[in-house]
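S.K.: Residue strings, one per chain:
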Amino acid sequence: SQELEQSPQSLIVQEGKNLTINCTSSKTLYGLYWYKQKYGEGLIFLMMLQKGGEEKSHEKITAKLDEKKQQSSLHITASQPSHAGIYLCGAPQGGSEKLVFGKGTKLTVNP
Amino acid sequence: KAGVTQTPRYLIKTRGQQVTLSCSPISGHRSVSWYQQTPGQGLQFLFEYFSETQRNKGNFPGRFSGRQFSNSRSEMNVSTLELGDSALYLCASKLGGNQETQYFGPGTRLLVL
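Protein sequences appear in the order of chains D and P. Just so you know, we're using my numbering here: the first sequence kicks off at 74 and counts up by one. Just so you know, we're using my numbering here: the second sequence kicks off at -10 and counts up by one.
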């Protein structure tokens, strides 16, 4: 079955710093979703990438999909305390409706 | 538009009991998926319902079941609860097509004692 590995598992940065979170798939990616979760709460949709080489941005967050590497990256520019939370990548398993998720990256932004 | 809602938000049960969780999708969404989230296993897919039919199923025992009503609201039932069933249960809805974005509810936190 498909597995998504996220790195790093946790990240502590100073406010204003840039950071990158990676998500690597064990199998071909048929799309990739990024979500953010505050502890114990639901997931907030950030972005969906569907094609290799695709790059999307929303405010200070940019995500890219590298189909050949079976990998996606999420980059945050000039981080703020509001960016703190757990970032999860998810992908359709084998192109089906089932989503498989990575274990998440916990981001702490110190003011 | 109102988001995905889940009730109850918190629940405490004892081993051997059963529990029913409810999920109301975003208006117009016909697909509802359920996930279990635990610190050890992360977020795992339970099942998906579309137009009152189970369309996909994860690798969970038969104690976990669900259903969907004609108004797209969905319920999930867990029978004979075990300590390991303690988790955050999330539901997500989408319009219904393939590779559409799923929108998640706030979750129901279940504690089994």
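Keep in mind that the hints were calculated from the coordinates and are not lab data. Please note that a few of the clues may not be correct.
To be verified - Straight-line Cα separation of at most 25 Å, SDA-like style, residue types lysine to any residue; simulated pairs:
| no. | chain 1 | residue 1 | chain 2 | residue 2 |
| --- | --- | --- | --- | --- |
| 1 | P | Lys(-10) | D | Glu114 |
| 2 | P | Lys46 | P | Lys(-10) |
| 3 | P | Lys46 | D | Glu114 |
| 4 | D | Lys109 | P | Gln88 |
| 5 | D | Lys111 | P | Thr90 |
| 6 | D | Lys100 | P | Asn45 |
What the hints assert, rightly or not - Restraint ranges, calculated between C-beta atoms of paired labels, are given here:
| no. | chain 1 | residue 1 | chain 2 | residue 2 | range |
| --- | --- | --- | --- | --- | --- |
| 7 | P | Pro28 | D | Phe118 | 42 to 50 Å |
| 8 | P | Glu41 | D | Asn91 | 23 to 31 Å |
| 9 | P | Ser59 | D | His148 | 22 to 30 Å |
| 10 | D | Asn183 | P | Ser59 | 46 to 54 Å |
| 11 | P | Glu41 | D | Lys129 | 32 to 40 Å |
| 12 | P | Pro50 | D | Lys90 | 39 to 47 Å |
| 13 | P | Arg56 | D | Glu88 | 20 to 28 Å |
What the hints assert, rightly or not - One-sided excerpt, in silico: chain D residues whose CB lies under 7 Å from chain P:
| no. | residue |
| --- | --- |
| 14 | Gly104 |
| 15 | Tyr112 |
| 16 | Glu114 |
| 17 | Gly115 |
| 18 | Phe118 |
| 19 | Leu119 |
| 20 | Met121 |
| 21 | Lys129 |
| 22 | Glu170 |
| 23 | Lys176 |
The structure presented is a predicted model; accordingly, all values stated were derived computationally and were not measured. Don't be surprised by glycine CBs; every beta carbon is placed ideally from N, CA and C.
S.K.: Within a Cα-Cα threshold of 25 Å, do Lys(-10)/P and Glu114/D meet the stated pairing?
M.R.: holds (20 Å)
S.K.: Indicate whether the distance between the beta carbons of Arg56/P and Glu88/D respects the range 20 to 28 Å.
M.R.: violated (47 Å)
S.K.: Just to be careful, I want the Cα atoms of Lys46/P and Glu114/D compared with a cutoff of 25 Å; is the pair within it?
M.R.: holds (23 Å)
S.K.: Take a look at whether the Cβ-Cβ distance between Ser59/P and His148/D falls inside 22 to 30 Å.
M.R.: Because 44 Å falls outside the window, the suggested range is violated.
S.K.: For the pair supplied as a hint, Lys109/D and Gln88/P, is the alpha-carbon distance within the 25 Å limit?
M.R.: holds (19 Å)
S.K.: With a cut-off of 7 Å on the beta carbons, see whether Leu119/D makes it to chain P.
M.R.: violated (10 Å)
S.K.: Quick check on Lys129/D please, does its C-beta sit within 7 Å of some C-beta on chain P?
M.R.: Since the shortest Cβ distance to chain P is 12 Å, the answer is violated.
S.K.: With a cut-off of 25 Å on the C-alpha distance, tell me whether Lys111/D and Thr90/P pass.
M.R.: holds (19 Å)
S.K.: Mind checking the CB of Gly115/D against every CB in chain P and telling me if the closest is under 7 Å?
M.R.: holds (4 Å)
S.K.: Given the range 23 to 31 Å, decide if the beta-carbon distance of Glu41/P to Asn91/D lies inside it.
M.R.: For Glu41/P and Asn91/D the Cβ distance comes to about 47 Å; the hint is violated.
S.K.: Return holds or violated for the Cβ distance of Pro28/P and Phe118/D against the range 42 to 50 Å.
M.R.: Distance hint for Pro28/P, Phe118/D is violated at roughly 23 Å.
S.K.: Does Glu114/D pass the interface hint, meaning its C-beta sits closer than 7 Å to a C-beta of chain P?
M.R.: holds (6 Å)
Checked against the numbered hints listed earlier, the structure breaks hints 2, 7, 8, 9, 13, 15, 19, 21; every other hint is satisfied.
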